[in-house]
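Q: Below, each chain spelled out in residue letters.
There are 2 protein chains.
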Amino acid sequence: MPELRKDPVVGRWVIISTERSRRPTNFEPAPVVKSTGFCPFCPGNEDKTPPEVYALRPGGGPPNGPGWRVRVVPNKFPALQIEGTLDRRGEGLYDKMNGVGAHEVVIETPDHAVDLADLPVAHVAEVLEAYRARVVDLSRDRRLRYVLIFKNHGANAGATLEHTHTQLIATPIIPRILQEELDGSRRYFELKERCVFCDIVAQETAAGNGRRVVATSERFVALAPFAPRFPFETWILPRRHDAAYQMVADEGELLDLARLLKDVLMRLNLALDRPPYNFVIHTSPVSDGDLEYYHWHIEIMPKLTRVAGFEIGSGFYINPTPPEDAAQFLRGITLEV
Amino acid sequence: MPELRKDPVVGRWVIISTERSRRPTNFEPAPVVKSTGFCPFCPGNEDKTPPEVYALRPGGGPPNGPGWRVRVVPNKFPALQIEGTLDRRGEGLYDKMNGVGAHEVVIETPDHAVDLADLPVAHVAEVLEAYRARVVDLSRDRRLRYVLIFKNHGANAGATLEHTHTQLIATPIIPRILQEELDGSRRYFELKERCVFCDIVAQETAAGNGRRVVATSERFVALAPFAPRFPFETWILPRRHDAAYQMVADEGELLDLARLLKDVLMRLNLALDRPPYNFVIHTSPVSDGDLEYYHWHIEIMPKLTRVAGFEIGSGFYINPTPPEDAAQFLRGITLEV
Numbered sequence: 082m083p084e085l086r087k088d089p090v091v092g093r094w095v096i097i098s099t100e101r102s103r104r105p106t107n108f109e110p111a112p113v114v115k116s117t118g119f120c121p122f123c124p125g126n127e128d129k130t131p132p133e134v135y136a137l138r139p140g141g142g143p144p145n146g147p148g149w150r151v152r153v154v155p156n157k158f159p160a161l162q163i164e165g166t167l168d169r170r171g172e173g174l175y176d177k178m179n180g181v182g183a184h185e186v187v188i189e190t191p192d193h194a195v196d197l198a199d200l201p202v203a204h205v206a207e208v209l210e211a212y213r214a215r216v217v218d219l220s221r222d223r224r225l226r227y228v229l230i231f232k233n234h235g236a237n238a239g240a241t242l243e244h245t246h247t248q249l250i251a252t253p254i255i256p257r258i259l260q261e262e263l264d265g266s267r268r269y270f271e272l273k274e275r276c277v278f279c280d281i282v283a284q285e286t287a288a289g290n291g292r293r294v295v296a297t298s299e300r301f302v303a304l305a306p307f308a309p310r311f312p313f314e315t316w317i318l319p320r321r322h323d324a325a326y327q328m329v330a331d332e333g334e335l336l337d338l339a340r341l342l343k344d345v346l347m348r349l350n351l352a353l354d355r356p357p358y359n360f361v362i363h364t365s366p367v368s369d370g371d372l373e374y375y376h377w378h379i380e381i382m383p384k385l386t387r388v389a390g391f392e393i394g395s396g397f398y399i400n401p402t403p404p405e406d407a408a409q410f411l412r413g414i415t416l417e418v
Numbered sequence: 082m083p084e085l086r087k088d089p090v091v092g093r094w095v096i097i098s099t100e101r102s103r104r105p106t107n108f109e110p111a112p113v114v115k116s117t118g119f120c121p122f123c124p125g126n127e128d129k130t131p132p133e134v135y136a137l138r139p140g141g142g143p144p145n146g147p148g149w150r151v152r153v154v155p156n157k158f159p160a161l162q163i164e165g166t167l168d169r170r171g172e173g174l175y176d177k178m179n180g181v182g183a184h185e186v187v188i189e190t191p192d193h194a195v196d197l198a199d200l201p202v203a204h205v206a207e208v209l210e211a212y213r214a215r216v217v218d219l220s221r222d223r224r225l226r227y228v229l230i231f232k233n234h235g236a237n238a239g240a241t242l243e244h245t246h247t248q249l250i251a252t253p254i255i256p257r258i259l260q261e262e263l264d265g266s267r268r269y270f271e272l273k274e275r276c277v278f279c280d281i282v283a284q285e286t287a288a289g290n291g292r293r294v295v296a297t298s299e300r301f302v303a304l305a306p307f308a309p310r311f312p313f314e315t316w317i318l319p320r321r322h323d324a325a326y327q328m329v330a331d332e333g334e335l336l337d338l339a340r341l342l343k344d345v346l347m348r349l350n351l352a353l354d355r356p357p358y359n360f361v362i363h364t365s366p367v368s369d370g371d372l373e374y375y376h377w378h379i380e381i382m383p384k385l386t387r388v389a390g391f392e393i394g395s396g397f398y399i400n401p402t403p404p405e406d407a408a409q410f411l412r413g414i415t416l417e418v
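Protein chains in written order, with this note's numbering: chain A, 82 to 418; chain B, 82 to 418.
The set of hints was computed from the structure by calculation and includes no laboratory data.
Incorrect hints may appear among the rest.
Heads up, the list lumps identical chains together, so a pair's fine if it works in one copy or across two of them.
[As the list claims (entries may be wrong)] In the DSS-like style, the derived pairs of lysine-lysine whose C-alpha atoms are separated by at most 25 Å in a straight line are:
#1 K177 with K273
#2 K129 with K87
#3 K87 with K177
#4 K273 with K129
#5 K87 with K273
#6 K343 with K177
#7 K343 with K157
#8 K157 with K129
#9 K343 with K273
#10 K87 with K343
#11 K129 with K343
#12 K129 with K177
#13 K157 with K273
Computed from a prediction, not measured in an experiment: that's the story for all the values here.
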């Protein structure tokens, strides 16, 4: 059983995989599956993954067979284990609990050769709907407090399988940076009675401003944040205050988000020659319901520079590209529509 | 002039290099200087660096000439600029200030072909003394609040020059993770009237415990932390409570630290085939003097796994190697002394 352990100083929880322990000789980088090799995410190989927990099959058909357009399966090598109790306990001054949680993979398309940015807008919206449906389902598990949705695209961004996919980790704790955002935005609200993200959207889109705006849609804004850690870091925020991703209201809103997400990924692809990238959906804890001080958003981080351990070890980032320059460049990209 | 900008939600300061802005085409990784190529850190090339701010010349001799054993110079491409005023200011809801600070390089040895772990203990102590002297000197600058000492070893850990060196960045703000440690250890002290790091040292070295101890010396302990983010992450802590690195008492203490640091680096080299690594010295802010709740230490992080942006974007780490296994393995290494 993996363990969740808490650093006693900063309160950061980490997952320690006690089962798949890696010895010193096991640290060669995991190979990326080649286009020509066997792929467990391709149609026809449905029996090579654990049984699906969600699938979109427009033409119908039985589970775990072909005919799907989006498919969600448990990770075959999960970081957390769905069965069991938390068994919270101490070890002297330390705190730990069992590594209970869900680790799922959203296979975004049957087509091995394309990326999320290449899919039609309606298909991207179906992927976003799969995220939503899984969050709603996992929210019913009272042991779980957070559902983290993230995408590693490209080997240098940590992807170990080439077939385009998103991951979802549901945890009994709140990941460190999300807790910091929750704390920071609550303090801001206590001071001002306003959501800090609503204020950011208002300031960035005010008339005469817009230097950091990358693209907009009816209901969402994509912008380069004021203090980005990484070159070309781009956030997508809903214009309307909503604490949680799964509260995306209707199909129209999902389509609008899909359009802007695809737009931004295409701009990054054209500007940076299809870079490896990560995105993470920052949303409120599932146990918290609707918070007036928190505002969900997507953080997209192209992987262009090496992150030295020093930056991880100090939390101090040096970004060689001002966000105003990055936004101007991305705005200037002409997309074929 | 570079800028220091603060994220309005989590309060994290980043350096934005407004001068050396990188356009999308400039992101090819910086080449590592080959052993045979020109090296600005080698003896005879002293005029290829900015004038030295510290040097150890056992045989005497003029500054900026050969004959040194340890040499500290300003970084030729500094992330922060030493001249100027902070000029703290707002931009709507955002906060920023000028990127004032120091960025120096500690050239650990004239010998291009060796690493810190290969130097004799007395020479490692001289490197540690150079760190101390620079912190003491930079502490006199009232604009600066923190001196961050860190080492990137190997291209995959972010080193851009091969000749073994340490970097030092002095900043007018406190880096994020250090602020978190300060906050966390202060809360612990308020609750218990004890230093959390002293408690960690006591628990880890208690009789019958020691599963996470890697090595010890008279005055220091090297251990795998209870909740490490990375495989084989190793911390070195002084047994005696001291808030600040520069308070290392005497030559004997520096020698003792040098012995243990070399010991740990040699174990990592033997266990992991000379891995790239980073270390960061965590110490109290220079403006704070001696804190009863904070305890300086060194965090050493071998770079064995790819850190996905997701981990940086969520603060959530999955570590495949339990620290007990890592410590046991490192303890079992036989060092030729």
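Q: Now, for every hint given, state plainly whether the structure supports it.
A: So, going through the hints one by one against the coordinates:
1. K177 with K273: between (36 Å within a copy, 20 Å between copies)
2. K129 with K87: Answer is neither; intra-copy 35 Å and inter-copy 47 Å both fail.
3. K87 with K177: within (6 Å within a copy, 33 Å between copies)
4. K273 with K129: neither (53 Å within a copy, 53 Å between copies)
5. K87 with K273: Between copies only: 18 Å across chains, 32 Å inside a chain, cut-off 25 Å.
6. K343 with K177: neither (40 Å within a copy, 32 Å between copies)
7. K343 with K157: neither (28 Å within a copy, 41 Å between copies)
8. K157 with K129: within (9 Å within a copy, 54 Å between copies)
9. K343 with K273: neither (34 Å within a copy, 52 Å between copies)
10. K87 with K343: neither (37 Å within a copy, 29 Å between copies)
11. K129 with K343: Answer is neither; intra-copy 30 Å and inter-copy 48 Å both fail.
12. K129 with K177: Answer is neither; intra-copy 33 Å and inter-copy 52 Å both fail.
13. K157 with K273: neither (46 Å within a copy, 44 Å between copies)
Of the hints listed earlier, those the structure fails to meet are numbers 2, 4, 6, 7, 9, 10, 11, 12, 13, in rising order.
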